[in-house]
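Enquirer: These are the residues of each chain, in order.
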Amino acid sequence: KAGVTQTPRYLIKTRGQQVTLSCSPISGHRSVSWYQQTPGQGLQFLFEYFSETQRNKGNFPGRFSGRQFSNSRSEMNVSTLELGDSALYLCASSPGPSFYEQYFGPGTRLTVT
Amino acid sequence: GESVGLHLPTLSVQEGDNSIINCAYSNSASDYFIWYKQESGKGPQFIIDIRSNMDKRQGQRVTVLLNKTVKHLSLQIAATQPGDSAVYFCAERGNQGGKLIFGQGTELSVKP
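Chains as they are written, first to last, in this note's numbering: chain A, 14 to 126; chain Y, 31 to 142.
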């Protein structure tokens, strides 16, 4: 079974721009969660989607948003990029909600200049 | 607030020895815990999980112990190998399944 895939793997953007990241979960998994990983803050939860509905949201500003499609694929969007948004963005999928048996993708490395 | 922290930021062991990585959590209502391994340049890899109604769970070469009395979680790796070198994270699911909170991570270094 293929794992979680994320595209693109690397991205360089300029401050003020917006970015969309994509995640394809493991086949059969209906839940997708997003995380931001930085050296200073570690791994921080962004949001969780299950059956196209956002179930939970972390403590991030409204510039961070996401959605899930009927095929369970998910996208997250960051608008008005700031330098501090430079991070590794990780997507994880699980069969159902609430993070049971959650598996991560390789991440998208976003650099904001 | 909720937090998960690790007692040791780095751990160095000899190949073949057993490793123990520790994690403390502050939310006594947390009901699910996961250990992840992250190698450089890769996403976290699921190792093993445990629910709060269990004290111990074993996998292949790994054992997770949960002590709810002192809010402590540990990961034991038997016969540690060079391929086990990585950063290990514990994560707890907050009460009511709200979100997954990660610890800061422990870097395990295995000396051949």
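Hints were generated in silico from the structure; no laboratory data involved. Idealized CB from N, CA, C, for every residue including glycine. Treat the hints loosely; a few may be bogus.
Here are the simulated lysine-lysine pairs, BS3-like style, with alpha carbons at most 27 Å apart [as the list claims (entries may be wrong)]:
#1 K72/Y to K141/Y
#2 K141/Y to K70/A
#3 K72/Y to K70/A
#4 K98/Y to K86/Y
#5 K72/Y to K26/A
#6 K26/A to K70/A
#7 K101/Y to K86/Y
Sample of chain A residues lacking proximity to chain Y, with all beta carbon distances greater than 10 Å (derived) [claimed, not checked]:
#8 V17
#9 S35
#10 R76
Listed below are several chain A residues computed to face chain Y (Cβ distance under 10 Å; list not exhaustive) [to be verified]:
#11 S99
#12 L103
#13 P119
Enquirer: May I ask which of the numbered hints given earlier this structure violates, with the numbers listed in increasing order?
Expert: Numbers 2, 8, 11, in rising order.
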